[in-house]
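Protein chains in written order, with the numbering used here: chain L, 9 to 326; chain G, 9 to 326; chain U, 9 to 326.
Bear in mind the hints are in silico, worked out from the structure with no lab data behind them. All the given hints hold, so there is nothing to weed out.
Derived lysine-lysine pairs resembling DSS-like cross-links, with alpha carbons at most 30 Å apart: (1) G:Lys323 with L:Lys302; (2) U:Lys95 with U:Lys40; (3) L:Lys323 with G:Lys293; (4) U:Lys319 with L:Lys60; (5) U:Lys195 with G:Lys269; (6) L:Lys293 with U:Lys319; (7) G:Lys309 with U:Lys302.
Listed below are several chain U residues computed to face chain G (Cβ distance under 8 Å; list not exhaustive): (8) Asp116; (9) Phe133; (10) Asn221; (11) Gln243; (12) His245; (13) Gly263; (14) Ser316.
Source: prediction; values computed, not measured. Don't be surprised by glycine CBs; every beta carbon is placed ideally from N, CA and C.
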Amino acid sequence: MFFLNKGPFDINFIISKTQYTKKKKYKKFNVKNVSTIEHSKKGDITFFENKKYLNYLQKTNTSYCLIRKKDLVYLNQKKIIPIVSDKPLLDFIIIALLFYPESNQDNDDIRFSNKYNKFIDKNSFVDESVCFGKNFEIGYNSIVKKNVQIGDNVKIGSNCTISNSIISNNVIISDGSIIGKIGFGFKQINKEIIFIPHFGCVKIKENVYIGANCIIDRGSFLNTVIGKGVKIDNQVHVAHNVVVGDNTYIAAQVGIAGSSKIGKNCLIGGQTGISGHLLIGDNVKIGGKSGVIKNLTNNSKVIGYPASSFKEFLKNYD
Amino acid sequence: MFFLNKGPFDINFIISKTQYTKKKKYKKFNVKNVSTIEHSKKGDITFFENKKYLNYLQKTNTSYCLIRKKDLVYLNQKKIIPIVSDKPLLDFIIIALLFYPESNQDNDDIRFSNKYNKFIDKNSFVDESVCFGKNFEIGYNSIVKKNVQIGDNVKIGSNCTISNSIISNNVIISDGSIIGKIGFGFKQINKEIIFIPHFGCVKIKENVYIGANCIIDRGSFLNTVIGKGVKIDNQVHVAHNVVVGDNTYIAAQVGIAGSSKIGKNCLIGGQTGISGHLLIGDNVKIGGKSGVIKNLTNNSKVIGYPASSFKEFLKNYD
Amino acid sequence: MFFLNKGPFDINFIISKTQYTKKKKYKKFNVKNVSTIEHSKKGDITFFENKKYLNYLQKTNTSYCLIRKKDLVYLNQKKIIPIVSDKPLLDFIIIALLFYPESNQDNDDIRFSNKYNKFIDKNSFVDESVCFGKNFEIGYNSIVKKNVQIGDNVKIGSNCTISNSIISNNVIISDGSIIGKIGFGFKQINKEIIFIPHFGCVKIKENVYIGANCIIDRGSFLNTVIGKGVKIDNQVHVAHNVVVGDNTYIAAQVGIAGSSKIGKNCLIGGQTGISGHLLIGDNVKIGGKSGVIKNLTNNSKVIGYPASSFKEFLKNYD
Chain L
9 MFFLNKGPFD INFIISKTQY TKKKKYKKFN VKNVSTIEHS KKGDITFFEN
59 KKYLNYLQKT NTSYCLIRKK DLVYLNQKKI IPIVSDKPLL DFIIIALLFY
109 PESNQDNDDI RFSNKYNKFI DKNSFVDESV CFGKNFEIGY NSIVKKNVQI
159 GDNVKIGSNC TISNSIISNN VIISDGSIIG KIGFGFKQIN KEIIFIPHFG
209 CVKIKENVYI GANCIIDRGS FLNTVIGKGV KIDNQVHVAH NVVVGDNTYI
259 AAQVGIAGSS KIGKNCLIGG QTGISGHLLI GDNVKIGGKS GVIKNLTNNS
309 KVIGYPASSF KEFLKNYD
Chain G
9 MFFLNKGPFD INFIISKTQY TKKKKYKKFN VKNVSTIEHS KKGDITFFEN
59 KKYLNYLQKT NTSYCLIRKK DLVYLNQKKI IPIVSDKPLL DFIIIALLFY
109 PESNQDNDDI RFSNKYNKFI DKNSFVDESV CFGKNFEIGY NSIVKKNVQI
159 GDNVKIGSNC TISNSIISNN VIISDGSIIG KIGFGFKQIN KEIIFIPHFG
209 CVKIKENVYI GANCIIDRGS FLNTVIGKGV KIDNQVHVAH NVVVGDNTYI
259 AAQVGIAGSS KIGKNCLIGG QTGISGHLLI GDNVKIGGKS GVIKNLTNNS
309 KVIGYPASSF KEFLKNYD
Chain U
9 MFFLNKGPFD INFIISKTQY TKKKKYKKFN VKNVSTIEHS KKGDITFFEN
59 KKYLNYLQKT NTSYCLIRKK DLVYLNQKKI IPIVSDKPLL DFIIIALLFY
109 PESNQDNDDI RFSNKYNKFI DKNSFVDESV CFGKNFEIGY NSIVKKNVQI
159 GDNVKIGSNC TISNSIISNN VIISDGSIIG KIGFGFKQIN KEIIFIPHFG
209 CVKIKENVYI GANCIIDRGS FLNTVIGKGV KIDNQVHVAH NVVVGDNTYI
259 AAQVGIAGSS KIGKNCLIGG QTGISGHLLI GDNVKIGGKS GVIKNLTNNS
309 KVIGYPASSF KEFLKNYD
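Pulled out of the complex, with its shape left as it was, chain L reads as follows (with noise of 0.2 Å):
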């Protein structure tokens, strides 16, 4: 919905643009899309580097999936044709790119409209692709880029930045918030650094609060969830494909790194950091400035870092 699908691309064309990839040809076939192996469906192209993802290569419908030599032994090839790569992640970014050209960047284009005046006598500019519902209201000197999808009741404050964002009913953003920007990614093709693509978008679901100076960058190849009821204090980084459980309350200056999945009606002290990738359950307590570095499971109370029991944390101190 946010990046044009440049597709479908002939596979072959496909491998043509490789870089470590063993090339040779395969038979005609129209792909349709990138995505990630948990998602694919048939018609795409994924790629399996992390053993993590095992369960998913398993259950996968895609019809191609980059994969090491290595790991052929877990594909079932019967259904899904490999494509053997020394660096399928590396090879699956240079095709996500070919299929979202400019998923590697912000763009900061607004078209303008008339029915979108009022927002400009406060500074503010909302692109007419905007579609928003009931009682919506923008402060100054905000922007609201295109498609961006926003509910009834919606408040968004002054010196935002809204793009690649769905925003359900009665979610307050206030100001100084930046949503649905790029996230922190980078890669080396041959001797060149390029962006991670971020073809994914920034879901926020209803009842959501997000305080000030925010920042919730969008997904990379998934989307980045904050779920139902969610409150967000000031000075919170969310990093891209973080998903957020219901109900889950993150204090002042939080930052969860990318990729990690925090439960529902948890909550997450001031100051705290989470590393990526990471599990943490549902009804979780994790105390102001912890360091979180490992999954946790369900009602879980930690602090510290590396947070770990409460009394651990306090053994030495009167």
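Position chains G and U against the provided structure of chain L, taking the given hints into account.
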């Protein structure tokens, strides 16, 4: 000043709106205001729930006090009329929203005025009710909302949002800072999550410097106060009801949680976090990246998390 | 370039303005500039106070040096004329403000020009003195102040403020970032608290990426430098005089205190804090949420607070 008091209201009308109060008929009386037990005056209604405030309960001149049955023994019922509630704070919130129905949100309305045209040339919007002294400067794309009071020689940077604030002479607020928005506080009343009303403001005294992208939330039932000569570096978060004493220095990325009081002449190192509801004395030195979780007496010198002596912090460190 | 040098001034006039200098009559000489001992040239005045800079004192070609009586033994008085001061830094500050009287503040004046009208359509204000290369893009509601130099293929997001900066080719600065403002430094001279003058600038070299809501303060007596290929995530704070080496990656919410030098090819994890005046070598890896309080040699790998080896950090952690 910032929120219109819709009262007075008859005490029986007030009681009829509560959720956790034992209903009974009181003598007709026009209640003038809601206030905390520390500041409550004759004619007001307040609440008592936390034993920490017992000394204020004994001194208050309030007319009515929401109180749990078990706490009635602490109340001088000759002087103050008790209103027995299972949840005094929640009923107080309901009542506060009767008096200040707009205090649980941020409002973006600005009335323009010819007299402030010169700011509009810079895309800055200053409400016509704002009063300011000599030598007021404001940058680009900033907003100053209704009833804000600004002294002499005040300088506000670009992309700032200032609301619900009383700013004294010789104050500098740098680019991107947001002063006076609602704080982070929610309560569940029946099944609904609501914002705690914030009818307090932010008071910034003489000679204060505030860096860039800082946030100072307004008080809920009290004010947030930044003392004379306080210097605050970039990206600092000061939560609702915090009081910072005169001439205290706060380095970058510090977070101070709600209702803590910091003394005079303190030095707070960068990235430090201070928990809520603490009392930090005068002349306290807090090393960078500390986590302060208990009160600190005058002249304390602490570091680490939990913050303790420098000696303890460095004991295993060469 | 960013601050007009009001000199030269006769040495006797300069001395007459100092506060802590023993007054005596010097031979008439027009002092051209103020500079740090590391960069001082013939015709300049500098100061010496910190033994760390003794090697520079022995090499400098400065004409005058503010120095404590007890340090005179280190000075080659045949070459350099000493100016004995009880507080060399404070007197240097007074003198620096003679040469650069506007360097202790941020200035919001922007002169408009027809040639930059296209930016004004986006509510962005670019001073007519700004020079930029090919393919310059700027978002909405941003400000670029006087004399900023911008190379080819530079992209500045929305709600940014850029001042006192020299930006090379292929640089991206994301939304809400503030580059080149005055740093956090105050000194008391007699009874008055004053800003340390900041007549340095920010140099951003080729291929740098800066995330959203970041702040990079300009140098005080030197420049703040961001090396080639450096990538900086969101909400990072880089204080005055910091030098970041080429190709170093800095994750979100990191804070680097004043005058620290970071080497090349370092990886700095999210929420890390680095104290001021440190030397961090090349190829250093710093784990997330670390607090670095001493110098680190090349190829160090540290984590925790105080940052030490990974083994030490995890020794009691399962």
